[in-house]
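Construct all of the structure, not just a fragment, from the sequences and the given hints.
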Amino acid sequence: MVQYQATLDRSFGALADPTRRAILLRLGRHADASITELAVVFEMTLTGLKKHVQVLEEAGLVATEKVGRVRHVRLGPRRLEDVTKWITSYRTMLEQRLDHLEDFLERTKGTP
Amino acid sequence: MNQAATEMKAKISTPSDREIRIERVFNAPRERVWKALTDPALIAQWWGRGNKLVIERMEHQRGGHWRFVEHGPEGAQGFEGRYREVVAPERVVQTFQWDGMPGHVAVETMTLEDLGDGRTKLVAVSMFHTTEERDGMLHSGMDQGVHQSYAALDRVLAGLGAGGR
Numbered sequence: 015m016v017q018y019q020a021t022l023d024r025s026f027g028a029l030a031d032p033t034r035r036a037i038l039l040r041l042g043r044h045a046d047a048s049i050t051e052l053a054v055v056f057e058m059t060l061t062g063l064k065k066h067v068q069v070l071e072e073a074g075l076v077a078t079e080k081v082g083r084v085r086h087v088r089l090g091p092r093r094l095e096d097v098t099k100w101i102t103s104y105r106t107m108l109e110q111r112l113d114h115l116e117d118f119l120e121r122t123k124g125t126p
Numbered sequence: 164m165n166q167a168a169t170e171m172k173a174k175i176s177t178p179s180d181r182e183i184r185i186e187r188v189f190n191a192p193r194e195r196v197w198k199a200l201t202d203p204a205l206i207a208q209w210w211g212r213g214n215k216l217v218i219e220r221m222e223h224q225r226g227g228h229w230r231f232v233e234h235g236p237e238g239a240q241g242f243e244g245r246y247r248e249v250v251a252p253e254r255v256v257q258t259f260q261w262d263g264m265p266g267h268v269a270v271e272t273m274t275l276e277d278l279g280d281g282r283t284k285l286v287a288v289s290m291f292h293t294t295e296e297r298d299g300m301l302h303s304g305m306d307q308g309v310h311q312s313y314a315a316l317d318r319v320l321a322g323l324g325a326g327g328r
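Protein sequences appear in the order of chains A and B.
Numbering-wise, our numbering puts 40 at position 26 of the first sequence, and it's gapless, one number per residue.
Numbering-wise, our numbering puts 315 at position 152 of the second sequence, and it's gapless, one number per residue.
You can take every hint at face value.
No farther apart than 25 Å at their CA atoms in a straight line, the calculated lysine-lysine pairs in the DSS-like style are these:
id	chain 1	residue 1	chain 2	residue 2
1	A	Lys-123	B	Lys-198
2	A	Lys-65	A	Lys-80
3	B	Lys-174	A	Lys-123
It is worth saying that the hints were derived from the structure and are not from the lab.
Okay, structure coming up:
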């Protein structure tokens, strides 16, 4: 049970970052992606993205595999529990929306 | 993390294992924030998170349905629910479902508080349920694993509330 708790702690730690949550969300909708593709989508350097993927991989949330010169990332053996996944997805989306609302309000300042 | 900066930006907490509470302070008067949250022409400009948004349905009154569809590079994603309470310009209670996670629903309560200095505090409290529970068919009890993952999630979120946004 202690071991189980430690694994959970690691996966929630991995989930504490919005980029990592977004990576999982994306991998949930697509079968897999290469590191390069993810770096483009998330507008990050390869090195930065690799670090995030590494944290997710250590938590068992993603698995990576090198095919030729390309490293592929897919959801790992420790899938998120359904409810947790729902709350994580929801929270990520709500925060993104509120960020965009904030930008919108800034952009339209001075209008009634 | 600078507490004042966090205070300005956002606060996240988990009042119970089924709830997330997010506070955001916007540098805009309450009427403007209310309009951005409730006028379809304005919602279309931010709700889609940078994606094109199609508002298929928006009956903005108690019992009314809403359905928004985001059209992004990865395809379309639909979101929908019903309004439970609409009190201008301060409060909306609605259900929220995402096509991507069928069987799950959040009940969102958004409250706008006029801070009196041209800023507005938005408090979003979201309660998470499965649709079965919402429909009144409560499970006899959640299994241990779910309890534990909530407890772990709570700890992470509590940590985030102090530092992240």
